[in-house]
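Throw the hints in and build the complete structure from the sequences for me.
Chain order of the listed sequences is A and B.
Heads up, the first sequence is in our numbering, so the first residue is 4 and it goes up one at a time.
Heads up, the second sequence is in our numbering, so the first residue is 4 and it goes up one at a time.
Keep in mind the hints are simulated off the structure, nothing from the lab.
One or more of the hints may lead you astray.
Where chains are identical, the list cannot tell them apart; a pair therefore holds if satisfied intra-copy or between any two copies.
With a straight-line cut-off of 25 angstroms between C-alpha atoms, the simulated PhoX-like cross-links for lysine-lysine are [to be verified]:
no. : residue 1 : residue 2
1   : K85       : K52
2   : K47       : K12
3   : K10       : K47
4   : K12       : K52
5   : K10       : K35
Number of protein chains: 2
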Amino acid sequence: GDAAAGKAKAAVCAACHGADGTAMIPTYPNLKGQNEQYLVSALKAYKNKQRTGGMAAVMQPQASMLSDTDIENVAAYYASLK
Amino acid sequence: GDAAAGKAKAAVCAACHGADGTAMIPTYPNLKGQNEQYLVSALKAYKNKQRTGGMAAVMQPQASMLSDTDIENVAAYYASLK
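As structure tokens, then:
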């Protein structure tokens, strides 16, 4: 994925996951430095409604607004953060 | 949760997620320093079969072997890792 493009797309993510990928609220996961392929897998699982429970009611609609390319880019962005 | 008790229970987790919480394989998530409450939520979602897709076929049976107390302890252990 393209981390620079992902950064632009990730503005909305930052409200919960933090501008630096450190979550604002402890029920949310930190994303900084997470494995890119895992983040792609997780976002696609939310998009495909394969994750329910927990905060999935929030993440399903968020992920549904991302194209597969968006998902790859956002994943690359968070994976790149230290 | 009790991180020391969680460490003992987490031996099986380390095969994929690493002894230090850094995943061995990029499709798996790193767990070190992840938020404890998020880890509890995620493990319970796997246990309750609320997560499918991705590696959920592996995680559902793993989580099903953990009691709620085990889940709290394992979450405390990974959250404690730097």
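Checked hints:
1. K85 to K52: The answer is neither: 29 angstroms in one copy and 32 angstroms across copies each exceed 25 angstroms.
2. K47 to K12: Only inside one copy: K47 and K12 sit 16 angstroms apart there, 30 angstroms across copies, limit 25 angstroms.
3. K10 to K47: Result: close within a single copy only, 18 angstroms intra versus 31 angstroms inter.
4. K12 to K52: For K12 and K52, only the intra-copy Cα distance (21 angstroms) is at most 25 angstroms; the inter-copy one is 30 angstroms.
5. K10 to K35: The answer is both: 12 angstroms in one copy and 23 angstroms across copies each meet 25 angstroms.
Against the hints set out earlier in the document, a violation occurs for number 1 only.
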